[in-house]
Amino acid sequence: MITIIEYINVSGSFVFAISGALIAIKKRLDPFGVLIVAFITAVGGGTLRDILLAKEVFWLYNTSMLYAVLAGAILAMVLKNRLDFFSKPMFFYDALGLGLFTITGVQIGLQNQLDNSICILLGTVTGVFGGVLRDVMVNRIPVIFKKEIYATASILGGFLYLLLLKLNIPNPYSQIIPVIFTILIRLAAVYFKVSLPTIYKKKHDQ
Amino acid sequence: MITIIEYINVSGSFVFAISGALIAIKKRLDPFGVLIVAFITAVGGGTLRDILLAKEVFWLYNTSMLYAVLAGAILAMVLKNRLDFFSKPMFFYDALGLGLFTITGVQIGLQNQLDNSICILLGTVTGVFGGVLRDVMVNRIPVIFKKEIYATASILGGFLYLLLLKLNIPNPYSQIIPVIFTILIRLAAVYFKVSLPTIYKKKHDQ
Amino acid sequence: MITIIEYINVSGSFVFAISGALIAIKKRLDPFGVLIVAFITAVGGGTLRDILLAKEVFWLYNTSMLYAVLAGAILAMVLKNRLDFFSKPMFFYDALGLGLFTITGVQIGLQNQLDNSICILLGTVTGVFGGVLRDVMVNRIPVIFKKEIYATASILGGFLYLLLLKLNIPNPYSQIIPVIFTILIRLAAVYFKVSLPTIYKKKHDQ
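Residue numbers (UniProt numbering), protein chains in the order written: chain R, 1 to 206; chain F, 1 to 206; chain X, 1 to 206.
Note that these hints are calculated values from the structure, not bench results. Cβ atoms here follow ideal geometry from the backbone N, Cα and C, with glycine treated the same way. Certain hints may be false.
Claimed, not checked - Each computed SDA-like pair below joins lysine to any residue, with the alpha-carbon atoms no more than 20 Å apart:
id	chain 1	residue 1	chain 2	residue 2
1	X	Lys55	F	Leu156
2	R	Lys146	F	Arg140
3	X	Lys146	X	Tyr191
Unchecked claim - Just a few of them, taken from the derived set where beta-carbon distance is under 7 Å, the chain F residues facing chain X:
id	residue
4	Tyr7
5	Ile51
6	Leu52
7	Asp115
8	Ile118
9	Lys193
10	Ile199
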């Protein structure tokens, strides 16, 4: 199981690093800036989760994370003009990373005997906060605050995971089902252009 | 006493959540964005204080905080067109929250046997950093860096609290007096439009 | 040795506090805002390093850091119109601070038996993240993401320090040489206007 979580973390970090690097490239940062934004995107969520729990952050003793980020950032810099070609698989992997990171966050909450609502919160922090920190770093309002069902997919995935555990669904189904569920919500949200119900009136309300 | 600190934290979080949600609504974030900005505003100061002390953050084992934030954020979304009506009581409660959070921050510094100056710093971090993080999240320069006696009220309140403890003023007076003092400074600052002395010359200096 | 690290931290903090205060003054923050930005610039890097390691932050038990920051911020406010005069020594001291902070970060990584790559990362975090947090606070994209060999100088300095330790170069040479090396890279980068190789084409690519 250790090795599966490990694999998840490394491959999720790789995908998130690419997405972070692409946004840094759009902002025309220099190679070091691209690298650091990729790093923050990839490990930011899990790092904040560990900090909130007053634990040493997960990548201190695991250099494979560093190499995954480095590989993702370099790949993004090399292929930057061709990444449109990869945008569909990228979207899928990003949703996969979101689902996987959410599950690991919830698991760590459970290991610390935290309340269910806090476990879901930690799952969401792990899944989405890398992207939030990335946006703060490149000086824009975090996109997940403004559009699409993203954090919501993470919250629902975390909720389903806890539910399946309650129902004694065995491993690995209890983990695989919420990850697939999270991916499906993301796919559906983008395909059907669903957002959260707006709390604002039409444009003349602005 | 536990229950009073608990009550303070919950009611302070509720008020700060409303203020955070209102700013997020002005920036037209979606409901999830409003909720997360409300959460950061409400618990950000105490969270940073706990992180600096390498302690698990205070809301990990206390879900009442989550519900207070949720209630504040929903209230703000529902009443968003009528909140002008509440602006005066809100201002008062915000000042109350500032005073109360400052005292809890100083107390936690004292419990850790820290120097007086560090205790006051932790009190100020607890009182004002939720608002700073809120502003960073919605991509504006923190307002407390630019106007009004806000952090200064927190610093003076923390200082008075330490002074009263030194003078062996008993509980709860040693706590109530600096909270009232903080509120009065805030009221006076806004009523008389007092700011910190400017270090800039007139406009043609710009 | 304790006293040397202490001296380094205090004098480095003083210099970084001045640089932070000057940027806050340019943004016309009020005196409290100037002070807090100075503080974040001076101690932000070491603070983040300690947080990542789940340790109490270094300035909690060391008020001399507070006074150094206070002195730097006040000096910047008083001399703000004459600081051009000091810009060359300031540049030198900033490079010195960068080199010194980098070494202390690497040392703390080694004390925690971390991998060499993580030690260099912690050195770089210690050296450069105060400036990153300063820029995020005043709402601009961190300058070190965009120009000059700055973080790169820190990475190379940390790398050289580890190399000298491997070669059993005795103290204090193993520490002094990488600090001088870091300063020389900074001087050379600015003198010869060297940046990292751009990954972007000419302007019409924009």
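Quick rundown of the hints versus the structure:
{"no.": "1", "hint": "X/Lys55 to F/Leu156", "result": "29 Å, violated"}
{"no.": "2", "hint": "R/Lys146 to F/Arg140", "result": "16 Å, holds"}
{"no.": "3", "hint": "X/Lys146 to X/Tyr191", "result": "17 Å, holds"}
{"no.": "4", "hint": "Tyr7", "result": "28 Å, violated"}
{"no.": "5", "hint": "Ile51", "result": "6 Å, holds"}
{"no.": "6", "hint": "Leu52", "result": "5 Å, holds"}
{"no.": "7", "hint": "Asp115", "result": "5 Å, holds"}
{"no.": "8", "hint": "Ile118", "result": "6 Å, holds"}
{"no.": "9", "hint": "Lys193", "result": "14 Å, violated"}
{"no.": "10", "hint": "Ile199", "result": "5 Å, holds"}
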